[in-house]
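**Q** Residues 0 to 384 in numbering that gives the first Met the number 0 are what the sequence shown lists, from first letter to last.
Heads up, some of the hints might be wrong.
[Unchecked claim] Below are the DSS-like pairs computed for lysine-lysine, each with C-alpha atoms no more than 27 Å apart in a straight line: (1) Lys311 / Lys63; (2) Lys288 / Lys184; (3) Lys311 / Lys339; (4) Lys63 / Lys309; (5) Lys309 / Lys339; (6) Lys339 / Lys63; (7) Lys309 / Lys184; (8) Lys305 / Lys339.
[To be verified] So the derived label-pair ranges between C-beta atoms look like this: (9) Glu357 / Gly315: 31 to 39 Å; (10) Arg49 / Glu156: 42 to 50 Å; (11) Ala295 / Ala366: 42 to 50 Å; (12) Met364 / Ala304: 35 to 43 Å; (13) Asn43 / Pro248: 44 to 52 Å; (14) Glu299 / Asp193: 22 to 30 Å; (15) Asp246 / Ala295: 20 to 28 Å; (16) Val318 / Met67: 50 to 58 Å; (17) His58 / Ala307: 28 to 36 Å; (18) Glu45 / Ile208: 16 to 24 Å.
Don't read these hints as lab results, they were simulated from the structure. Quantities reported herein were computed from a predicted structural model and do not represent experimental measurements. Don't be surprised by glycine CBs; every beta carbon is placed ideally from N, CA and C.
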Amino acid sequence: MAIDMQLDRHILRRTDSSDEEIVINFGPQHPSTHGVINFVTQTNGEVIRRSVPDIGYLHRGLEKIGEMVPYPGYMPFTDRIDYLAAMFANEGYALAIERLLGVEAPPRAKYIRAIAGELCRISNHFISVGTMATDIGAATPLTHALRERETVNDLLEELCGARLTFNYHRIGGVAFDLPEGWATKVLRFLDHLDSYIQEWDRLITFNNIFVRRLANVGIITREKAVDYGLAGPNLRGSGVNWDIRRDMPYGAYPDFEFNIPVGTGRFGTLGDCWDRYFVRVQEMVESSKIVRQALAKLPEGEIQAKVARKLKPEAGEAVGRVESARGEMLYYVVSDGSEKAYRLRVRTGSFMAMGIIEELSPGIMVADLIAIIASLDVVAPEVDR
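Using the sequences and the accompanying hints, generate a full structural model.
**A** And the structure:
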């Protein structure tokens, strides 16, 4: 969508002295924009007339890099697409290349991928719900969320040696097997998590001020969620029961039983900010269920399929699709028979979420824009790539 000439100037100026309408840059360094993103916002006092995302500040050419390095060498770059949920970025790329090659990861590797991914989802969602509370004025919950996230990061560091950009998946499997005694530590954390979520709900989720602040704000109907291509919790928060793990299953997910949380309009209108928030809280509980099942049924065997050292898949195309923390993450890779991809394209949930902000912005308060951005759980690297 085009930004008109007035908004495109990116300056603070009075446009009409009679109604005191101004254009401000909400970002790109504002802490509540969740990264280097700018929202060119036209306001009359505290009431927003229009807010248009202005992206590109974090563009790093990650898709082009995927066409310049050999297939295995691109895996570390996928971490940078979503550094808060990098396991999914690893897995989506691995799946696409495996389909190009016609290979499949061993069963044990699939289970380990699911375990690592769901722990990463828990880690991401703690950041999401914690920063959302902070964005609307509650300081304490973020410290609680970060404490729990650090425990998950400790477990992931023990698994793969990294806490943020993991580079853990490999084409055909994973880099390392589970360390000795690691599963016991994970189960101990999950026991704590299941009880802690109840404490979190008492502290913030059902807090009367928090609920009243988010209910009936930023309402996205089912139809609009689908029309704008929203994904993940943003789509399910509007009541659309769709999840790649169940509806287009991959990896070990067909072997697990879990629920798909959706918005219900419990305290306001279906598809409001609170619904999107609560879907993420419930997803952490479901991730705990999945990890428990995966550890209980973890098969023995290899963690890496046999693949050539130099990968030259036949000419063709393939798609790797995973349910990331921000919804569908899709890799589209075209091979021309060489060691490098001819074309690599990545579709992310954050990029798709940006499109609906202008639709939601007219008539809302400036403070509500902050709540809407937080509820969409946008992370800047996924937007620009």
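**Q** Return the numbers of the hints above that this structure violates; sort them in rising order.
**A** 7, 12 and 16
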